[in-house]
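From first to last, the protein sequence lines are chains Y and U. Quick note: the first sequence, position 272, residue 271 per numbering that gives the first Met the number 0, numbers continuous. Quick note: the second sequence, position 18, residue 17 per numbering that gives the first Met the number 0, numbers continuous.
It is possible that some hints are incorrect.
[Unchecked claim] Okay, the calculated beta carbon distance ranges per label pair:
(1) Y:Gln183 to U:Val92: 24 to 32 Å
(2) Y:Pro147 to U:Pro156: 54 to 62 Å
(3) Y:Gln183 to U:Ile62: 50 to 58 Å
None of these hints come from the bench; they were simulated from the model. We put the CB at the ideal spot given by N, CA and C, even for glycine.
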Amino acid sequence: MKKLNQRAWLFVTPVLLLVAFNALIPMMTVVNYSVQETFGDNLFFWQGIDWFEQVLTSERFHKALGRQFLFTFLILIIEVPLGVAIALAMPRQGFWVPFCLVTMALPMLIPWNVVGAMWNIFTLPDIGLLGYFMNHTLGISYDMTQNPLAAWVTIVIMDVWHWTSLVVLLAYAGLVSIPNAYYQAAEIDGASNWAVFRYIQLPKMKTVLTIAILLRFMDSFNIYTEPFVLTGGGPGNSTTLLSIDLVKIALGQFDLGPAAAMSLIYFAITLLASWLFYTLMTMNDNKS
Amino acid sequence: MRLKSLVPVIYILFLMLPIYWLVAMSFKTTNEILAGFSLFPQTWTLANYTAILTDPTWYWGYINSIIYVTLNTIISVVVALPAAYAFSRYTFVGDKHLFFWLLTNRMAPAAVFALPFFQLYSAVGLFDTHIAVALAHCLFNVPLAVWILEGFMSGVPKELDETAYVDGYSFPKFFVTIFLPSITAGVGVAAFFCFMFSWVELLLAKTLTAVEAKPIAAVMTRTASSAGYELGLLAAAGTLTIIPGAIVIYFVRNYIAKGFALGRV
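Next comes chain Y alone, as it looks inside the complex:
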């Protein structure tokens, strides 16, 4: 049992102040903008909920939101099973374990704009490794700046490249925590590979996979830098995800009101979806 001690608040005060300074003040600024109209010169007029109505009914927002959900759905459905499969195939001990861990984690430690620039160089049609291979060896026309489908495939593969290792490392951490006795018991019972996976490995990985899915959901839903550097949201608006659109409105067109309303809606969706995910995935734990 932890001791009840209200003085513990003194210990958390520095954290509270620092994070509140960074979170609450900007958040209140956003709320402020979202209900006002400005024509410059620091003159503001009360606008009520007009901006929210405008954003929620605008086709542009619906499309960006749709693209965002499609992107997040695609990368979750690819990265989670792939990550689990790779974790299952990884060696459990020996020299190769640290080698695998280090090389697999490497993409996650590269600055996000460098990831975008790297994939840009990698996919250039005539001088990029992948671009050259597709266009000149396989003879498939592949140019991200022209073809929306190519742009989509590339940003999805880039994210798979960048973040599948997160799922691998978490699933692997869950797998190595299973005592050998479990496998021996399964062998004596003559359990199939599938049964071992379904009744021993998967339940043991449940917590870590919950975390992995949550993190991948949050981060892919907020993604900005990598696709922005790689495609700039194009060709046309085909890869303009929610964050990219938001920055275009806020910093490009300087439409502060609509941008602020959109920010709040965006944040609310992220919070709500994360909370739903979390509740759904932990529901079974509470039942048993």
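For this one, chain Y is given, so just place chain U on it according to the hints.
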């Protein structure tokens, strides 16, 4: 069984291909890059690296990044240590809510905060300073450090604290001389992750700086657009940003999963 051991090999090859291409590109001359496709650099050159290491706008980008990342790491870990101790040892009014509120800050899209951050830090006169970026990155790094450290501290038995008090240690003395040495791994991992997440972030760092504290990542975007497409230079700069991560990652290899999962594994 053979097939199974091929899976990680293929995956690692897939991970290394774009990185190889970036590094190979950085050793090519501009003429060779523009002339067409070549799998290996035909004439090896260090010109791209020399250009970066002798041009102040380039190498100051690195120095700026390292300054604010280091500041951020120190601030995050120092304020997170007592908070994590409180969360792991005591219950107090609102502790669970506070713990989860911290996590919600990790969910906030950086794009939402870009403009308000610019105004906030301009208003307090910190725009274009290293400390501004260091403080802004605390938004997601302090919660991260609290969660990771709390995970490690909960692994230390409470009997350690009680014995120390019985032996007459004061709290500060106990914390520094007994408790901290028993969680050095945790402090190292928390520091590593703060360093890493501050190092890879660009949007806020770019928004909060103009000249004096401009991060390397922002210098790169400028080069890509204005000075023509100098791919070799861009590739060399990118390669140099991978090195810090590549060097330290070996030391935390067994804790990577724990760190990315915010200490919850």
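These are the hints, each one checked on the structure:
| no. | hint | verdict |
| --- | --- | --- |
| 1 | Y:Gln183 to U:Val92: 24 to 32 Å | violated, 48 Å |
| 2 | Y:Pro147 to U:Pro156: 54 to 62 Å | holds, 58 Å |
| 3 | Y:Gln183 to U:Ile62: 50 to 58 Å | holds, 56 Å |
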